[in-house]
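Enquirer: One-letter residues, chain by chain:
There are 4 protein chains.
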Amino acid sequence: MRHDVKNGDVVVLIDTSYRKYIVDTTGKTDKIKGVGVLDPTILIGKTYGSQIQIGTKLFWILLPSLQDNLQSIQRKAQIILAKDAAIIIMSCSINAGDIVLEAGTGSGSLTIALASAVAPDGQVISYDKREEFLTHAMKNIEAANLGKYVTPRVQDVTEGITETHLDAIILDIPNPWDAIEHVWNALKTGGYFASYSPLISQVEKTVKTLRGLPFIEIKTIEQLQRELIVSDYGTRPSFNMLGHTGYLTFARKIL
Amino acid sequence: MRHDVKNGDVVVLIDTSYRKYIVDTTGKTDKIKGVGVLDPTILIGKTYGSQIQIGTKLFWILLPSLQDNLQSIQRKAQIILAKDAAIIIMSCSINAGDIVLEAGTGSGSLTIALASAVAPDGQVISYDKREEFLTHAMKNIEAANLGKYVTPRVQDVTEGITETHLDAIILDIPNPWDAIEHVWNALKTGGYFASYSPLISQVEKTVKTLRGLPFIEIKTIEQLQRELIVSDYGTRPSFNMLGHTGYLTFARKIL
Amino acid sequence: MRHDVKNGDVVVLIDTSYRKYIVDTTGKTDKIKGVGVLDPTILIGKTYGSQIQIGTKLFWILLPSLQDNLQSIQRKAQIILAKDAAIIIMSCSINAGDIVLEAGTGSGSLTIALASAVAPDGQVISYDKREEFLTHAMKNIEAANLGKYVTPRVQDVTEGITETHLDAIILDIPNPWDAIEHVWNALKTGGYFASYSPLISQVEKTVKTLRGLPFIEIKTIEQLQRELIVSDYGTRPSFNMLGHTGYLTFARKIL
Amino acid sequence: MRHDVKNGDVVVLIDTSYRKYIVDTTGKTDKIKGVGVLDPTILIGKTYGSQIQIGTKLFWILLPSLQDNLQSIQRKAQIILAKDAAIIIMSCSINAGDIVLEAGTGSGSLTIALASAVAPDGQVISYDKREEFLTHAMKNIEAANLGKYVTPRVQDVTEGITETHLDAIILDIPNPWDAIEHVWNALKTGGYFASYSPLISQVEKTVKTLRGLPFIEIKTIEQLQRELIVSDYGTRPSFNMLGHTGYLTFARKIL
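Chains as they are written, first to last, in this note's numbering: chain A, 124 to 378; chain B, 124 to 378; chain C, 124 to 378; chain D, 124 to 378.
So here's chain A without its partners, still in its complex pose (with noise of 0.2 Å):
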C-alpha cells in the first residue's frame, strides 16, 4: 500500500545527509536554506518514503518523526534534548489525555515532546513570563502540527499558577524551587513533578524546598547518551559526546 502527500500534510524533507526541512504543504513558494527555493505544491501525490530532486539535492519526504521534529526548531534557547524529554515524559507517566503544565516554553521543544504525549485529548498548558518566548516557541508548535494541544501563557510561575488537578508540572526556569508551593497546590494528589536545572546548586535549593512539602519518590538524575559508531574499519563509541545538558529532578504528590 502506497501513501502519497495529499494537500494540508506537514512533511519533512532529508537530505542525504541526514539534514531535515519540515515543510508545510500548504505555504507559499519560498526560499529555504539548504533546500533551495521550493514551491510546497510540488510534493503533494509524491510517494511516502521516496525520494525527489529539489535542484540538484536528492531528498526523502517523509512525515515529521517527533525527532525531526526537535531538530528543526528555530533555537532563541538552550533547548531540553530528546534524551532529557523521554525520560520526563516516562518519569512523569505522561499518556494521552493528561494535562500538563510546563514553565518556561523557551524555545518549545520540550512542548512538543509533551503535547506528541497527551494528544488527542490532552493539553499542555505552557508559562513563560516573556511574551516573545511564547510566540516565537508557538511558531515552532505549530510547524510540528501540535498547537492545539498547547495552551500559552503569559505567566511567571514563581507569582502562581491558575489550574489546579494538573496530572503534572515541569520546571525549566533558574528558581524552580520559587514555585515548588504553587506545584503542589496545582497538582491532582499523586500528580508529578519535574524539573530540568543544569547547576547543582538548582537541584539542591529544589529538592530541600520539596523535602518540606508532602512530596515523595525525591530523586534526581543525570542521563549520558553516548553513540556506538559501526563502519568497515570497526566499531567504537563516538569520539563526541555531550558531557552535561541537566539533572533531572522528580518528585510525587501526597496529602
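Heads up, some of the hints might be wrong.
For chains that are exact copies, the list does not tell them apart, and a pair is met inside one copy or across any two.
[Stated by the list, open to error] 27 Å max Cα-Cα, derived BS3-like pairs, lysine-lysine:
hint	residue 1	residue 2
1	K199	K151
2	K129	K311
3	K206	K331
4	K206	K342
5	K328	K342
6	K180	K169
7	K342	K180
8	K271	K311
9	K252	K328
10	K156	K342
11	K331	K180
12	K206	K328
13	K311	K180
14	K199	K156
15	K311	K169
16	K262	K154
17	K199	K271
I should point out that these hints are in silico values taken from the structure, not numbers from a laboratory.
Go by the hints and put chains B, C and D onto chain A.
Expert: For chains B, C and D alone, coordinates are given in the frame of chain A:
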C-alpha cells in the same frame, strides 16, 4: 477535591522505604510479602495520597505510576529498564493510537511501557516463541491494568511477521538481524525500527543488515544514568551506577 | 633467564580466581585467610612466574605489582583507588626524588602509590592527626616494602605544615580549604597541589580558597572507569561500574 | 627561598589564558606563535613563579610540568592523553630504573610520560617503523628535556623484539595481536603488557591472543574524564567531554 479509592481500582501501596505493592481492589484476601495479610476491599473509600496502617506498617495509597508498574513486575528474564524504554518510545515517535509490534515479550516490562504510550486506542502486538513467557508477561501486564492494549502471540519473529503497515517494531531478541527483512515488509513507509542488544557483535550484525535494506537514520546509542544524592551532609553522585544495560539501535523505513 | 625467590623477598601469591596474598619470606609460619597455614620459607628457591600448590589450591608466585599492593591493603577507611592515584601522580608531575606531603594518611593506599613514584631517592611525608591510622597504614606500607620512602607524622595539616619547598602536597581530608594557606607556604614555587573530595561542596570551598591565593591552573575533574568484558559469548561493557569515587582538584603555586 | 632561571634551563611560559610555550634558554632568538619574537636569554635570572612581559602580554615562568610538556608537543598523529598514560604507568607498575619498550612512537606523547616515570636511571626503547615519526617524536622528547631516557629504533614490533627481560611493553599500533608472541618472549617473568586501541575488534583480537599464551590478569578498561566547573554562577559538570579515546588492555607474563 479529594479523590477516593473506588471498587475496581488498581492501586499501589508505597511503604516508607518506597517499596511498592500493586493491589487490585477486586482481588481476594491474600498474604503479600512485605505487606502481610491484606483484604483489598479495606482500601475502598480511602483517600488517594493518604496513608493507611496495615499490620504495624504505614503505606501511602496512590494510583500506580508507570514506574510503579515497571518496578512491581515479576521478572522471569532480564528486563528493559525505564531509561531505555523511554528513549525507544521517544525515538520511535510512539503515540496514542499507534499499532506497534514487539518481540520477544520477555517479562513484559517494555510491553507495559509501550501499552501506556499507545493507549487508549492503539495496540501492542507482542510476539514470543515461548508460550510460558507470554503467559507470565500477560499476568504482569494485567496487573498494570493494560491488558486491553496488548495482543500476545506465540510466534518466532525471525520466521515472519503476520501484520503489515505497523507504526513501529521493537526487537529484544538474541538475533535481531534474522528478523530485519520481515521488519521491513511489516512496517509502513516511514515506520520505526528499534533493537535492544547487550552485545557489541549483536549491534554490528544488526546495523550491517539494516544497511543492506532501504532504511535511513541508522544509529546506535547507549544511555548511562547516574543519581545525584542530595543530603544534609553534602551533594555527590551516587556510588551505585549500572555500567551497562543494552545498546539501542534505531532506523526508519523508506522505499 | 629464570628468576628465583630469594630469602628476604616479598612476594605475591595469586590464586586462579586472581585473589592476591602478599607474603614476606622472612615472616613466621602463619594462617592466612584464603591460603591456609603457610611457612613462608617454602617459597624460597621457587621460580617466579611458576605455580605452587599450597593445601589443595594452586598459586602463581610473582613480585607484587603496585596494584597487588593496593589490592592487598587492610582497609580502615575508604581508600583512594588506583585510577585516581594515577591521575594525581601524573597531574602533579611526581617523579623519582620528589619530596611530597600527603594528609591524611588513611589506610595508606595513596601513600603506597606516591612512595612507588618518588622511589628510590624521594620521600613521602604523611600527616594524620589520628595516631592509630598512621600505625595501621605503616603496616600496609611496610607490607608493600615501601616503608623507607615514607615519613609518618602525627599532625593536623590544617594547623600547619612543618616542611617547606615541597614538590607537591596532596590532601584527602574533609576540610582541605582550611589547609590551603599552609599548603601555599609549604610548596616550592611551581609546586603542585591536589585534593580528593567526594562532595561537591568540598570542591566548591577548595576551589574558592585556591582562587584567593597565588595559584594557577585550578581545575577539578572526575574519572569514570568501565571494564570491557571480552568473552566467547560476545563483547560488552561491564554491568558493574563505580558511579563515583571522588573529585580531584589540582592547582600550581606561583608567586 | 627564591629560585631563578639559570642558563640551560628549559622553562614554560604560561599566558593568562593558560596557553603554554616551552622555551629552551640556550636557544636562539626566534618568532614563537602566540608569544612573538623572543630572545630566550632574557629569561635567565628571572624568578620562577613570577610574571614577565613579552610584547604586550604577560607570562608566568615555571619549570614545565609533565602536562605542560604533553600539551606542548607538535602532533603528527593522534596522541595518547595524560589520563590514559597515567593509568598505563600505574597499571604496569612503571618506576624509576625500569627498562620499558613502546611501539609505535607516534608523536612521542606516551614516550614523554614513560620517560618521566623511568628517570633518572631507566630507559624507554621506542620502536616505530616510520623513521620520520621517530625523528619528529624525538624533537618533542628533546624539547621536554627527556632525550637521554629514550632510545629510538626504526623497527616494526610485529617482526620481532631485539631486547629481552623488559619490565614492561606498551603497544599503540593498529595490530597489537601480531606482536604478542614477541612481547611474551621479550618480557621478564612478571613483566607487564599494555595495549591502547580505539576499536573494539582490536581489543577482541588482542585479548584472545593473550589468552592463548601464558599471561594472567588480562583486563580491558576505558577511562572517561569529565571536568567540574566551579563558577560564581554555580557548579556543574562541563558540557565538553571526550566520548572516547581508546581502550586499554593489560596483562602480566607468567611461565
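Enquirer: Against each hint, give a clear statement of whether it holds in the structure.
Expert: Going through the hints against the structure:
1. When the C-alpha separation of K199 and K151 is checked against a cutoff of 27 Å, the pair qualifies only within one copy, where the shortest distance is 24 Å, while the shortest distance between copies is 52 Å.
2. In the homo-oligomer, the alpha carbons of K129 and K311 lie at most 27 Å apart only across protomers (17 Å), although the nearest pairing inside one protomer, at 41 Å, exceeds that limit.
3. In the homo-oligomer, the alpha carbons of K206 and K331 lie at most 27 Å apart both inside one protomer (26 Å) and across protomers (25 Å), since each shortest distance falls under that limit.
4. Proximity of K206 to K342 under the C-alpha cut-off of 27 Å is found in both arrangements, the shortest distances being 17 Å within a copy and 14 Å between copies.
5. When the C-alpha separation of K328 and K342 is checked against a cutoff of 27 Å, the pair qualifies both within a copy, at 13 Å, and between copies, at 25 Å.
6. With identical chains, the CA atoms of K180 and K169 are at most 27 Å apart within one copy only, with a shortest distance of 16 Å there and 63 Å across copies.
7. Taking the closest pair of Cα atoms, K342 and K180 come within 27 Å of each other only across two copies (23 Å); inside a single copy the shortest separation is 48 Å, beyond that limit.
8. In this assembly of identical chains, the alpha carbons of K271 and K311 lie at most 27 Å apart whether taken from the same copy (23 Å) or from different copies (26 Å).
9. When the C-alpha separation of K252 and K328 is checked against a cutoff of 27 Å, the pair qualifies only within one copy, where the shortest distance is 22 Å, while the shortest distance between copies is 35 Å.
10. Taking the closest pair of Cα atoms, K156 and K342 come within 27 Å of each other only across two copies (25 Å); inside a single copy the shortest separation is 43 Å, beyond that limit.
11. For the identical chains of this complex, K331 and K180 are inter-copy neighbours only, at 26 Å across copies versus 55 Å inside a copy, given an alpha-carbon limit of 27 Å.
12. Taking the shortest Cα distances, K206 and K328 sit within 27 Å of each other both inside one copy (24 Å) and across copies (25 Å).
13. With identical chains, the CA atoms of K311 and K180 are at most 27 Å apart between copies only, with a shortest distance of 25 Å across copies and 52 Å within one.
14. Proximity of K199 to K156 under the C-alpha cut-off of 27 Å is restricted to the intra-copy arrangement: shortest distance 18 Å within a copy versus 37 Å between copies.
15. For the homomeric pair K311 and K169, the shortest alpha-carbon distance between copies (16 Å) is at most 27 Å, but the shortest distance inside one copy (47 Å) is not.
16. With identical chains, the CA atoms of K262 and K154 are at most 27 Å apart within one copy only, with a shortest distance of 18 Å there and 54 Å across copies.
17. Within a single copy, K199 and K271 get their C-alpha atoms as close as 22 Å, which meets the 27 Å cut-off; across copies the closest is 43 Å, which misses it.
In summary, the structure agrees with every hint in the numbered list given earlier.
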